[in-house]
Amino acid sequence: MLDPANPDLAALPQGSEGGHGRRLVVIDEGVDGILGEKIRGYFRERNTPMDYLVLPGGDEHKTLDQMVRVASRLNAIGTDRVGTPPIAFGGGVVQDVVGMAASLYRRGIPYVRVPTTLLGQIDGSVSAKNGVNFEGCRNRLGTFAPPPRTLTDRTLIATLPKRQISSGMGEMLKMALIKDAVLFELLEQYGPALLAENLQDTGPLTGEEQLGREAMHRAITGMAEELQKNLWETDLRRIVDYGHTFSPAVEMKALPELLHGEAVAMGCNFGAVLSARRNLLPYEQLERIVRTTRNLGLEPSHPLFGDPDFLNKALVDTVRHRDSHQYIALPKEIGATTFVDDVTAEEITEAAAVMVRILNGQSPVVDAADRGTYGAGPVE
Numbered sequence: 201m202l203d204p205a206n207p208d209l210a211a212l213p214q215g216s217e218g219g220h221g222r223r224l225v226v227i228d229e230g231v232d233g234i235l236g237e238k239i240r241g242y243f244r245e246r247n248t249p250m251d252y253l254v255l256p257g258g259d260e261h262k263t264l265d266q267m268v269r270v271a272s273r274l275n276a277i278g279t280d281r282v283g284t285p286p287i288a289f290g291g292g293v294v295q296d297v298v299g300m301a302a303s304l305y306r307r308g309i310p311y312v313r314v315p316t317t318l319l320g321q322i323d324g325s326v327s328a329k330n331g332v333n334f335e336g337c338r339n340r341l342g343t344f345a346p347p348p349r350t351l352t353d354r355t356l357i358a359t360l361p362k363r364q365i366s367s368g369m370g371e372m373l374k375m376a377l378i379k380d381a382v383l384f385e386l387l388e389q390y391g392p393a394l395l396a397e398n399l400q401d402t403g404p405l406t407g408e409e410q411l412g413r414e415a416m417h418r419a420i421t422g423m424a425e426e427l428q429k430n431l432w433e434t435d436l437r438r439i440v441d442y443g444h445t446f447s448p449a450v451e452m453k454a455l456p457e458l459l460h461g462e463a464v465a466m467g468c469n470f471g472a473v474l475s476a477r478r479n480l481l482p483y484e485q486l487e488r489i490v491r492t493t494r495n496l497g498l499e500p501s502h503p504l505f506g507d508p509d510f511l512n513k514a515l516v517d518t519v520r521h522r523d524s525h526q527y528i529a530l531p532k533e534i535g536a537t538t539f540v541d542d543v544t545a546e547e548i549t550e551a552a553a554v555m556v557r558i559l560n561g562q563s564p565v566v567d568a569a570d571r572g573t574y575g576a577g578p579v580e
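Our numbering applies: residue 201 is where the sequence shown begins, and numbers increase by one.
Hints are computed from structural coordinates only; laboratory data are not their basis. Think of the CB as a built atom: it goes at the ideal place given N, C-alpha and C, for glycine as much as any other residue. Do not rely on the hints blindly, as some may be mistaken.
Stated by the list, open to error - Here are the computed lysine-lysine pairs in the DSBU-like style, where the Cα-Cα straight-line distance is at most 30 Å:
1. 362 - 329
2. 532 - 429
3. 453 - 329
4. 238 - 329
5. 329 - 532
6. 532 - 513
To be verified - So the derived label-pair ranges between C-beta atoms look like this:
7. 218 - 392: 44 to 52 Å
8. 355 - 404: 18 to 26 Å
9. 516 - 553: 18 to 26 Å
Put together the whole structure using the sequences plus the hints.
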């Protein structure tokens, strides 16, 4: 992508004829340290006038102030309504901040996404949403504003720290659990190799069959399939919200300890525990989920997932977000999902106790007499 002979990055979104003046390139500061000179060199070689703004990454910087910084720079350089769309280089935080600024500046201008994290390439690359954290709540302010152009290049994640790759694999695990048993089996069998290679398919186990490419393709297309049929979220029952019922509160409370994908993976494990205790998910599959999570370099639990009072408060906020319904997505088997709307405080307390066991390295399988028989059944 950063080869000056490749016109894709400099190209305008379809329908844009080009404006006057410079375009803004917003770069995550971590990306700037690795790729900043190559990005600037690309546009120099193509004689394309650009302006640059470097922003910090991390959810603690996903704020209104950062969004206003972007909007102020757009205004300062005279960004046109259509012809000079900004470009966002970075992970989900930078993508959200730039996307929200673009959606508000002149009541909405086009922008270009270039996600540089695995999480951003799987999740954010096909999302219509953006947002910032507000008053301790994740993504409490935001808009729906899909960009007309997103460029995804797997080589951009080749030099990422392993923790960032693991975080992205948390979202990949989510997609596997909700709708793609083949992807789960790929992660289960080859997860450590994929992690070691940053999904670049450089090793003997992955190279010949391009398993990293396949895993990313399955996760991205699976996400796109789910989002495109409910892009504006008119239906609040979304299987892609699996793992996101309790994890946003955990992530914000623990900030900056947890990355987003780490919290999502924990939320997926908690959902699997709830499902197993309802006799929806076989306990053997719960054990596979916990084991595979660890093999991806992720922790399946956290002390906050062992705190029932905290989790019950988190559910109250989620219910507000889902129009007075729980609509909790739960796996009924690996690769298939259902919704429930009747999870009780007692269930959460008992599932939290299992999460403490998992946190302590113990098996999630408890005595058969204590497995629970909850629930009125799935929501149709």
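Is the Cα-Cα distance between residue 329 and residue 532 30 Å or less? It holds: about 28 Å lies between the C-alpha atoms, which stays within 30 Å.
Holds or violated: residue 532 and residue 429, Cα atoms, limit 30 Å. 22 Å, holds
Supplied distance hint 18 to 26 Å, evaluated on CB atoms of residue 516 and residue 553: 20 Å, holds
Are residue 218 and residue 392 spaced within 44 to 52 Å by their CB atoms? Holds, at about 47 Å.
Is residue 453 within 30 Å of residue 329, Cα to Cα? 23 Å, holds
30 Å Cα cutoff - pair residue 532, residue 513: Given that 30 Å is the threshold and the Cα spacing comes to 25 Å, the pair holds.
Holds or violated: residue 362 and residue 329, Cα atoms, limit 30 Å. 27 Å, holds
Given the hinted pair residue 238 and residue 329, is their alpha-carbon gap at most 30 Å? 29 Å, holds
Range first: 18 to 26 Å. Now tell me if the beta carbons of residue 355 and residue 404 are that far apart. This hint holds: roughly 20 Å between Cβ atoms.
Checked against the numbered hints above, the structure breaks none of them.
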